[in-house]
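Asks: What follows is each chain in one-letter form.
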Amino acid sequence: AQSVTQLGSHVSVSEGALVLLRCNYSSSVPPYLFWYVQYPNQGLQLLLKYTSAATLVKGINGFEAEFKKSETSFHLTKPSAHMSDAAEYFCAVSDLEGGGKLIFGQGTELSVKP
Amino acid sequence: ETGVTQSPTHLIKTRGQQVTLRCSSQSGHNTVSWYQQALGQGPQFIFQYYREEENGRGNFPPRFSGLQFPNYSSELNVNALELDDSALYLCASSERTGVGYGYTFGSGTRLTVV
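Line order of the protein sequences matches chains C and A. The working numbering puts the first residue of the first sequence at 1, with every later residue one more than the last. The working numbering puts the first residue of the second sequence at 1001, with every later residue one more than the last.
Rather than coming from a laboratory, the hints here were simulated on the basis of the structure. Since this is a predicted model, take the numbers as computed values, not measurements. Please note that the accuracy of each hint is not assured.
Taking lysine to any residue pairs in the SDA-like style, the calculated list, with each CA pair at most 20 Å apart, reads [what the hints assert, rightly or not]:
1. K58/C - K1013/A
2. K68/C - A53/C
3. K58/C - Y1101/A
4. K58/C - S1086/A
5. K1013/A - S1086/A
6. K113/C - A17/C
7. K68/C - T51/C
8. K113/C - T77/C
9. K58/C - G16/C
I would like the entire structure built from these sequences, with the hints used as guidance.
Replies: Structure (structure tokens):
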């Protein structure tokens, strides 16, 4: 069965600092991976997705993620945090045996300090 | 192009009652999924519909049921509501079923069972 694990339920950074949100996956075959962001009282917005075309994936709002098979990781980064980045971030994997349904991690809440 | 719209945005029901949540998928999308997101948790897959047929179901009891209509809109019905059903219910649509396709999420319906 496929799964994702997000390391750290809360991450706090200063404005302008590097953002690093960690996600590790478990899959016996090449996975399809996603990062979503959820602002308070809102639904999920797709940041980026990995579908095996390139290991470094660029998304919206300056975020990017690198797929590392050797480490089974798909960490999300942004060089310089903005106050507006404060939100909940979810890593997800597409279930190969479930019609493509998404299996989500527990989420990481990002706080940005001024 | 309109996104995914859900109604109502908030709902309060009494334990034992029944509820129907509605979702209009994004234009051109024929696959719709429903997720339950409890407070502080990642979304959990309930079920998915493709061209009016259920093509995937998560670990939810039969009192959770759904429909997809010819225009690809969808309903989630929950019978005999329990207190633990209190959650944010998210609808998501995709242009195709299968792995690797990103899902567009609605803003959700916040259900409170008292």
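Asks: Next, verify each hint and record whether it holds.
Replies: The hints, checked one at a time:
no., hint, in the structure
1, K58/C - K1013/A, "violated, 42 Å"
2, K68/C - A53/C, "holds, 13 Å"
3, K58/C - Y1101/A, "holds, 17 Å"
4, K58/C - S1086/A, "violated, 36 Å"
5, K1013/A - S1086/A, "holds, 9 Å"
6, K113/C - A17/C, "holds, 10 Å"
7, K68/C - T51/C, "holds, 13 Å"
8, K113/C - T77/C, "holds, 17 Å"
9, K58/C - G16/C, "holds, 19 Å"
Hints 1 and 4 from the list above are not met by this structure, while the remaining hints are.
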